[in-house]
Amino acid sequence: MEETKTDPRVLRTRQLILDAFYALIPNKDIKDITIGDITKRATINRATFYAHYADKYELMEDALSQMFKDSLMQKLSCHAELNRATLTGIIVTLCEFHANFSKQCARSYEAMSPISRTS
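Using UniProt numbering, the first residue of the sequence shown is number 1, and each one after it goes up by one.
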């Protein structure tokens with residue numbers, strides 16, 4: 001049976017990995033978080049991690065994307081009309097998201113460099 005991104009097992013495992021990553025971020029700089037730290041916290045093995053992510057930078061990119069989407073969904077209605085107020089809300093949410101994570105990003109600039117070069 002081929003697993004897809006909508007397979008409940010895949011979604012559950014990805015969420016375990018993301019939750020482990022979120023739990024580690026407040027305690028360690030991103031550059032100091034290892035795959036071993038993530039897999040131990042997520043109670044999975046390394047092969048499972050690598051079946052979902054190429055490395056911790058891909059995980060970090062996915063985590064940041066998910067956090068931004070969650071922030072956006074909290075602020076905006078799914079049925080919002082695309083108008084000046086909606087666009088303003090999107091920009092405000094982006095600025096707030098950036099402000100909330102700027103200290104972490106500054107602290108871990110070296111770790112985030114590979115992502116910024118590929119984006």
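Source of the hints: derived by calculation from the structure; they are not laboratory data.
Some hints could be false.
Claimed, not checked - Label-pair distances were calculated between CB atoms; the ranges are:
| hint | residue 1 | residue 2 | range |
| --- | --- | --- | --- |
| 1 | 84 | 9 | 23 to 31 Å |
| 2 | 77 | 31 | 25 to 33 Å |
| 3 | 31 | 95 | 41 to 49 Å |
| 4 | 96 | 48 | 46 to 54 Å |
What the hints assert, rightly or not - Here are the computed lysine-lysine pairs in the DSSO-like style, where the Cα-Cα straight-line distance is at most 27 Å:
| hint | residue 1 | residue 2 |
| --- | --- | --- |
| 5 | 28 | 40 |
| 6 | 31 | 75 |
| 7 | 31 | 69 |
Just so it is clear, the structure is predicted and the values come from calculations on it, not from any experiment.
A virtual CB, placed ideally from N, CA and C, is assigned to each residue, including glycine.
* **Broken hints, by number** => Of the numbered hints given earlier, those the structure breaks are 1, 2, 3, 4, 6, listed in rising order.
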